[in-house]
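Listed here are the chains, written in short residue letters.
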Amino acid sequence: MESEIVKIDQLVKRYREKLAVDHFSMEVRQGEILGLLGPNGSGKTTTINCLLSLLKYDKGNITVFGKAMRPDAYDLKGQIGVVPQNVAVIHTLTVAENIDFFCGLYIRDKKKRKQCVEEAIEMTGLGEYRKYYPKKLSGGLLRRLNIACGIAHRPKLIIFDEPTVAVDPQSRNAILEGIREMNRQGATIIYTSHYMEEVEELCSRIIIMDRGRNVAEGTTAQLKASLKNRETIRMDLVTCTDEIIRDLKEINHVYEVKQEGEQLIIRCDGGTHNLLHIMGYFEEKNIPFGRVTTELPTLNDVFLEITGKELRD
Amino acid sequence: MFCHIFLYRIKELLRNPWHLAWNLIFPLGLATAFFFGFGNLIKDDPEQFTTIPVGYVKEADQPFDQVLTALSKDRKDPILKVSEYKDEEEAKKALRDGDTKGYYIQKGEEISVVVGRNGVTSTTLHQILKEYENQKRVLETIGKKHPEKIADAVKTMEKGQEFLRPHVFNKYTSVYMNYFYSLIAMASLYGSWLATTMLSGISANMSERGKRFESAPVYKMTSLFAGILSTVLLQGIFNGILVFYIQYGLHLSFGVPIWQVLMVTTVGGAMGITIGVFIGALVKKRGLQMAFSLAVSMVTSFLSGLMWGEIRQIIESHIPVINRINPAAMLTGCLYNLGNYGLTKNFYRDLYSMVILTVTLLLVSVAILRRRNYDSL
Ligand SMILES: Nc1ncnc2c1ncn2[C@@H]1O[C@H](COP(=O)(O)OP(=O)(O)O)[C@@H](O)[C@H]1O
Ligand SMILES: [Mg+2]
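Chains P and U, in that order, are what the protein sequence lines are. For the first sequence, the numbering used here begins at 1 and goes up steadily by one. For the second sequence, the numbering used here begins at 1001 and goes up steadily by one.
Only chain P is shown next, with the shape it has when bound in the complex (with noise of 0.2 Å):
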């Protein structure tokens, strides 16, 4: 049986007169990785704060391990790892002591501490810069250590929060591969990113933020199934008239035909062959036509088609 690490039930949160989370509702089962996809300024951290307690909230309740999680929930805190969005480290500790002293809040034990610590440099390879101080360390580097010092002390659940913002894809890969194996050796993710490319990599289950609102969950299938898009194709057209545009609709299962600069987008809602039908009508009136593409839908078609605004901006 999956059980609920994380109940977040009808959570409004406001600054001052701006609405940041507008009822939100979500539940975060064990060994699950939870990706929150939400374009910038949708809630994602303002939730997770709600979350972590470091943020008064107007209404909603929050448990986390079936428990009330309140500021002052020692025992709760204590299982739970957190990566902020921004990097959050000392500037005058090496990478070796900033592991040591975020981890040493958990973990009194120093024989357990010093194994924790090796293993969180391990794991995020900061072996060669643990007497670095975070200065000197790069961008991709430095949200490493970020990451380091979030997990070292092995949490139950850990929450990242945008954690490959201005990464270099090499250490982006390292960190959701990092991220992947923590999730093996049992700890449950929360995950939140404007990328969508990386949540569908990367999570098991996705919820969909928009203005604060939980407005849609499942998993990458099931969210892509529920789509009218099953199909988009592109196509590089010098000359496009009213006239093409209507005929290209009469075609079965396309349902929508718009032109952007040079290129026509046509979206399907299923069907088969539909490339060749369309192909073949350009061939038989004889119009010449450029490149074609034809995309499957992706999380971007999902928001787009809920939200009807792009994801990424």
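Hints may contain errors.
Claimed, not checked - With a straight-line cut-off of 20 Å between C-alpha atoms, the simulated PhoX-like cross-links for lysine-lysine are:
hint, chain 1, residue 1, chain 2, residue 2
1, P, K156, P, K7
2, P, K56, U, K1284
3, U, K1011, P, K131
4, P, K258, P, K309
5, U, K1058, U, K1093
6, U, K1136, U, K1149
7, U, K1107, U, K1058
8, U, K1130, U, K1081
9, P, K228, P, K309
10, P, K114, U, K1011
11, P, K136, U, K1011
12, U, K1093, U, K1107
13, U, K1011, P, K110
14, U, K1011, P, K135
15, U, K1220, P, K56
16, U, K1073, U, K1011
Simulated from the structure, these hints should not be mistaken for lab results.
For chain P, the structure is supplied; the task is to place chain U with the ligands on it using the hints.
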């Protein structure tokens, strides 16, 4: 947990180049600059204790006459040498010519004092008058009923009196030492900035690392007190280094055993730290915290005589309440009284004021900082 946080706080703050520069190096540098400015004046300051020549412009007999008489005879080094003048013009002239250090003048019932240069001499003259005014009622009553006993009464009065202490020490500490007292006060109050840095590191609403810190299972009181204690220790050490540097590096004497000085500067350091904690409790923006800390340090230490040594004495004779509430003036006054008069009433007044201010700010700040979650981060 407490030790873990305490030790790491010390380690990280000691490596903070800004704080090393401003809390340790800068005061030492300023002390050196002061030393080259007027170090020599301190070393051979002519103001050793001697009998103070003072003028007296008298209209009618008053119990004050007896006080002056008592203070100017009956001992081997009398405190005062009183010369009477007919009118203020004459007394003024004597003061100008350097025959006296000041004069007392009767204006009806009131007696006031005019002094030349501000310094220990003038403080003594002021205090004699102040003490007289405090005891006036008693002296007047005695004067009426038992005129013969008034000399004894004056003796009793002076016994507990600190203004007679230089007589006991038989020397004064140079007025220029005041600059160094103020400097120590400034350094202590810079501790407030150190304290805001410390506080921001453990507060989720002030820094990123604070968010991480407050996500951990640490009692707020543990982190708060470990932090405060670590900065009190650091500031105490910084102050100690400054004191040692002045006394043994620059060879300028505080005039009393150094442990007494260190005790005062440690209390002063703790006061500076709690002022910072208080600022941190009220203001959450880092830039503002720093601005407030530095502004408080500069203004209060200026008023205690950092740039212009006599300002504290002038405030004392005109609006003494400012000196009672200005933390830098408390610390400066404490060291001044200690150096010139020893462990006297005024010394304890300032010392206790510092302790009371420290404890009060601490309690208020802790009450504010106790909360563990915030409206906004
Ligand atoms: N401290 C704050 N005060 C006022 N508004 C805030 C504050 N923090 C965030 N917000 C607003 O709340 C909304 C959600 O922000 P946030 O939770 O940071 O989103 P995300 O993490 O998804 O980018 C945004 O519109 C943001 O401008
Ligand atoms: Mg965010």
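Against the structure, the hints come out as follows:
| no. | hint | in the structure |
| --- | --- | --- |
| 1 | P/K156 with P/K7 | holds (15 Å) |
| 2 | P/K56 with U/K1284 | holds (17 Å) |
| 3 | U/K1011 with P/K131 | holds (15 Å) |
| 4 | P/K258 with P/K309 | holds (15 Å) |
| 5 | U/K1058 with U/K1093 | holds (16 Å) |
| 6 | U/K1136 with U/K1149 | holds (14 Å) |
| 7 | U/K1107 with U/K1058 | holds (9 Å) |
| 8 | U/K1130 with U/K1081 | holds (19 Å) |
| 9 | P/K228 with P/K309 | holds (16 Å) |
| 10 | P/K114 with U/K1011 | holds (18 Å) |
| 11 | P/K136 with U/K1011 | holds (19 Å) |
| 12 | U/K1093 with U/K1107 | holds (19 Å) |
| 13 | U/K1011 with P/K110 | holds (18 Å) |
| 14 | U/K1011 with P/K135 | holds (17 Å) |
| 15 | U/K1220 with P/K56 | holds (17 Å) |
| 16 | U/K1073 with U/K1011 | violated (61 Å) |
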